[in-house]
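Using the hints, position chains C, Z, B, V and D against chain R.
Chain by chain, the residues:
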Amino acid sequence: MTSIEQQSSSSAQENGLAIINSKAPFSSTHGKDALDIALIFGSFEQKVSLFFQGDGVYQLIADQDGSLLAIKDYLKTFSAFEFYDIEDIYVCQQSLSNRQLDENFHIDEVKVLSSIEFSAALNRHQHVLRF
Amino acid sequence: MTSIEQQSSSSAQENGLAIINSKAPFSSTHGKDALDIALIFGSFEQKVSLFFQGDGVYQLIADQDGSLLAIKDYLKTFSAFEFYDIEDIYVCQQSLSNRQLDENFHIDEVKVLSSIEFSAALNRHQHVLRF
Amino acid sequence: MSTLHLVRQSAFASNDFAQCLSVLDHQDSVVLMDDGCYNLKHSLMDSLIKRVDGSVNINVITSHAQARAIEIIAAVNAIEMSDVVELTFTHKKVITWQ
Amino acid sequence: MSTLHLVRQSAFASNDFAQCLSVLDHQDSVVLMDDGCYNLKHSLMDSLIKRVDGSVNINVITSHAQARAIEIIAAVNAIEMSDVVELTFTHKKVITWQ
Amino acid sequence: MKTLAVVVTTPPYSHLTITALTYVEAALVAGINVIGVFFYQDGVMHANEDISIASDEYQAIAHWQRLQQEYQLPLHICITAAEKRGIACDAIDNDKINNAFTVSGLGELVELTTKATRLVQF
Amino acid sequence: MKTLAVVVTTPPYSHLTITALTYVEAALVAGINVIGVFFYQDGVMHANEDISIASDEYQAIAHWQRLQQEYQLPLHICITAAEKRGIACDAIDNDKINNAFTVSGLGELVELTTKATRLVQF
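So the protein lines, in turn, are chains R, C, Z, B, V and D. The opening residue of the first sequence carries number 1 in this note's numbering; numbering runs sequentially from there. The opening residue of the second sequence carries number 1 in this note's numbering; numbering runs sequentially from there. The opening residue of the third sequence carries number 1 in this note's numbering; numbering runs sequentially from there. The opening residue of the fourth sequence carries number 1 in this note's numbering; numbering runs sequentially from there. The opening residue of the fifth sequence carries number 1 in this note's numbering; numbering runs sequentially from there. The opening residue of the sixth sequence carries number 1 in this note's numbering; numbering runs sequentially from there.
Just so you know, the hints here were simulated from the structure itself, not pulled from any lab data. Treat the hints loosely; a few may be bogus.
Restricting the straight-line Cα-Cα distance to at most 20 angstroms, the calculated cross-link-like pairs of lysine-lysine (PhoX-like) are [as the list claims (entries may be wrong)]:
1. B:K92 x D:K2
2. V:K115 x C:K47
3. B:K92 x R:K47
4. R:K47 x R:K32
5. R:K32 x R:K72
6. C:K47 x C:K72
7. V:K2 x Z:K92
8. C:K47 x C:K111
9. R:K111 x R:K47
10. R:K32 x R:K76
11. B:K92 x D:K96
12. D:K115 x R:K47
13. V:K2 x V:K115
14. C:K72 x C:K32
15. Z:K92 x C:K47
16. D:K96 x V:K96
17. Z:K92 x V:K115
Same shape as in the complex, but just chain R (with noise of 0.2 angstroms):
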C-alpha cells in the first residue's frame, strides 16, 4: 500500500529511532514504557516511528477495554500520536494474521506491511529500541 512511498525514500539517510513493540498490552508495562518514550521524543521534536510485531500487535486492535481489568487504559492515549506528529506506525501483517486478526485498529493511520515492507522502514531508522 505505501510501497512506492518506501522505495523513493529508502535510499535517504536514516534517521529517527524506531520503537518496536512486541508485548501484548495488559499484562506487562512494556507497552506504556515503550509510549512514553515515544511520546518525550514526539514533545522534543524527534522524529520517532512505532513497530508492532509479535504480541506487540494486539496493543492496535479496536474495541480493547482495560477497564475491565481495573487497568488504566493507556491504549487510549495513541490517539494523541497525531498530537505529537508521531505518523509512521507500521505493523507486521504476518503477525496480525498469525493471530487471526482483522485490520480494524483503534486508531488511524497505521501501516500494514509484509515482512520485507517492515524490515524496509525499520531500517529507515538510525536508531531501535524493542520492548
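Just chains C, Z, B, V and D now, with coordinates in the frame of chain R:
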C-alpha cells in the same frame, strides 16, 4: 524405566510439593529461586520433587560452567539433593529431544519420563509450584 | 487425580501453553486468564477441543477476554473469578502456567 | 543498510528469534548471546544457514556457548565481547531481541 | 475445612497482580480460610514503603492492605528476595517496610504449604 | 568520532546485566566514547542504595560504580521508573540513591539518542 514403580504408587494419596522448572539456568533467577524452595523443604523434612520441562531441562545438562559468565554456579548445589533426601528428580523426555539433548546429566538419579509418565508423576503431589 | 490449570500466557509468544497441554489429563480443567485468553485463537486450542471430546473442561475469565476484544467460542465456558475459586476446591491441585 | 542483531533469548521458549529472522536482511549480522546460544540447536538455525548462502554473518559469544555446554557449529563464528563492540560500529544500527 | 495459601511473584506495578488480588478477594468473600499470602521473587516489592504509583493507576499495595485489615489476612514477604531488591530488613523498627507485611523466611512457605489444602501461585 | 549510548533494562540481580557490563567495559577499553548509560524499567534498581547482594554473587552495582569512576561514565536512572520501584527521588540529598547514578528524566534518553552514533539496548 520407572513405570512399574509409578503404577504401583499412582493410586496412593498425593503428598508433598512438586516444583516444575521451566527456565534455562543462567539468564534468570528462576532456577535459583526454585532451588532455594526445594532445599528449605528438604531441610524441614518435607517431601519435595523436582520436575524439569521446556527450557528447564537445560538446568540438568552436564559440562556446564557458569563461572565462565562470572555467575555463581548454583547448579553445583544440585549435588546436595541426596543430603536433603530430595530423590525424585524428573525430566521430560520430549523437552530433551526437542532440544537435541542427550541424557547426560550433572547429577545422578534423574528419571527421564514420557509426557504421560511426567503428568502421572506430577499427579502424585498435593501442591505444585512452577518457576 | 484432576488438576486445575491456570493458563496466563499467550501461546503466540511463549511455549507455556504447549507445556501445559503435554501434561493435561482427561478430567482436568483449564482456565484461560490474562494473556492466556489469546490462546482461544491459537491452533493448539483447536487441537485441544478436538482431542478432549468434551472430557476436559475449558474455561475463560469473561472480563479478561472482553478487555482484549476476544470473542469467546462456544466450546469454552465464560466464567468469573469466583468460579475459579470454586474450581480450586473441586480439583485436587492447581498448576499456574505463567 | 546493514543491521547487527543481538539475539538473547531461546527460540525454544519464546518467538523473539523468529521475529528477528522475519526482518533479517542479507548483509545483516547476527550475534547469539545469553540464552540465544541455545538457538544453535533450533531448526530455525538450520533454515537460516541454508537461506543465507553465507551472506548473513552469524556469530556466537564463545564463553556464553561454553558456559551452556553448547557446541559451536562450523557455520558460525566464535567471537568475544570486544568483537561485538567492533560489529556495533561496522553495522549501521543494532537491534536487541530480548 | 477449606484452607488456601497463595504465592505472589509479580510486583505491584504489574497488571498480573490485579488478577492475584481479585482471586484472593473472591476467595475471602466466598468464606475460604486464606491462611496466608507469600510474596516471593518480584512479589516482595509490594512491601517497599517508598513505592509511589501514579494516583490514576491501580493501587495494588493499598488493596493488599485493605484485605489484610478486613480479613486479618497474613501477608509474608520473603526476606532473601526482599534484600536483593533493596528492601532493608535488618533494621529494628524498619520504616521502609509497609507494616501490613511480615518479613518471613522461606520456612513460612513450608508452613503454609503443609497446612493448606490448596496452594495457588500467581 | 564513535559515540555510544546504552540502555539497560535488567536489574542488578539478573545475570543478563553481566552481559551489559561486559559489553560496556569492552567498549570503554576499546576507546569508544560511551556518552552514557540510561537505566530504564527494572534497570533503575541498580541505584537502590539498600540492595544487598550476597557477597559470593556477582556485584553488578559495584562494577557500574567502578566504570563510572574510572571512565567518568555517566549513569542515568529514569525517575518515573525509579519511583514506581520504591527508589524515592524527591528528597534533597537522598541517601537511598547510590551516588554513582544521576536521577534523570526520559528527556536525557532523547539527548543521548540524538548525540550517539550507536544506541544499544540490554
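Structure-based check of all given hints:
1. Restraint check for K92 of chain B and K2 of chain D: satisfied, since their Cα atoms lie roughly 12 angstroms apart, inside the 20 angstroms limit.
2. Under the criterion of a C-alpha separation no larger than 20 angstroms, the hint pairing K115 of chain V with K47 of chain C is consistent with the structure, at around 14 angstroms.
3. A distance of roughly 17 angstroms separates the Cα atoms of K92 of chain B and K47 of chain R; the hinted pair therefore holds under the 20 angstroms criterion.
4. Distance restraint check for K47 of chain R and K32 of chain R: the Cα-Cα separation of roughly 19 angstroms lies within the 20 angstroms cut-off, and the hinted pair is therefore satisfied.
5. Only pairs whose Cα atoms come within 20 angstroms are accepted, and K32 of chain R paired with K72 of chain R is accepted, the gap being roughly 10 angstroms.
6. For the given pair, K47 of chain C sits about 27 angstroms from K72 of chain C by alpha-carbon distance, which is inconsistent with the 20 angstroms threshold.
7. Between K2 of chain V and K92 of chain Z the CA atoms are separated by roughly 12 angstroms; this keeps the pair inside 20 angstroms, and the hint holds.
8. With a C-alpha separation of about 17 angstroms, the suggested pair K47 of chain C and K111 of chain C falls inside the 20 angstroms cut-off, and the hint holds.
9. For a cut-off of 20 angstroms, the pair hint linking K111 of chain R to K47 of chain R stands: about 17 angstroms separates their Cα positions.
10. With a CA separation close to 11 angstroms, the supplied pair K32 of chain R and K76 of chain R stays within the 20 angstroms bound.
11. Proximity of K92 of chain B to K96 of chain D is assessed by CA-CA distance (about 39 angstroms); at most 20 angstroms being required, the pair is judged violated.
12. A distance of roughly 14 angstroms separates the Cα atoms of K115 of chain D and K47 of chain R; the hinted pair therefore holds under the 20 angstroms criterion.
13. Among the hinted pairs, K2 of chain V with K115 of chain V is consistent with the structure: their alpha-carbon atoms are about 10 angstroms apart, no more than 20 angstroms.
14. Of the pairs offered as hints, the one joining K72 of chain C and K32 of chain C holds, with about 10 angstroms between alpha carbons and a cut-off of 20 angstroms not exceeded.
15. Our distance criterion of 20 angstroms between C-alpha atoms is met by K92 of chain Z and K47 of chain C, whose separation comes to about 17 angstroms.
16. At most 20 angstroms may separate the alpha-carbon atoms for a hinted pair to count; K96 of chain D and K96 of chain V meet this at roughly 11 angstroms.
17. The hinted pair formed by K92 of chain Z and K115 of chain V meets the criterion: a straight-line CA distance of about 15 angstroms does not exceed 20 angstroms.
When held up to the earlier numbered hints, the structure conflicts with 6, 11 and fits the remainder.
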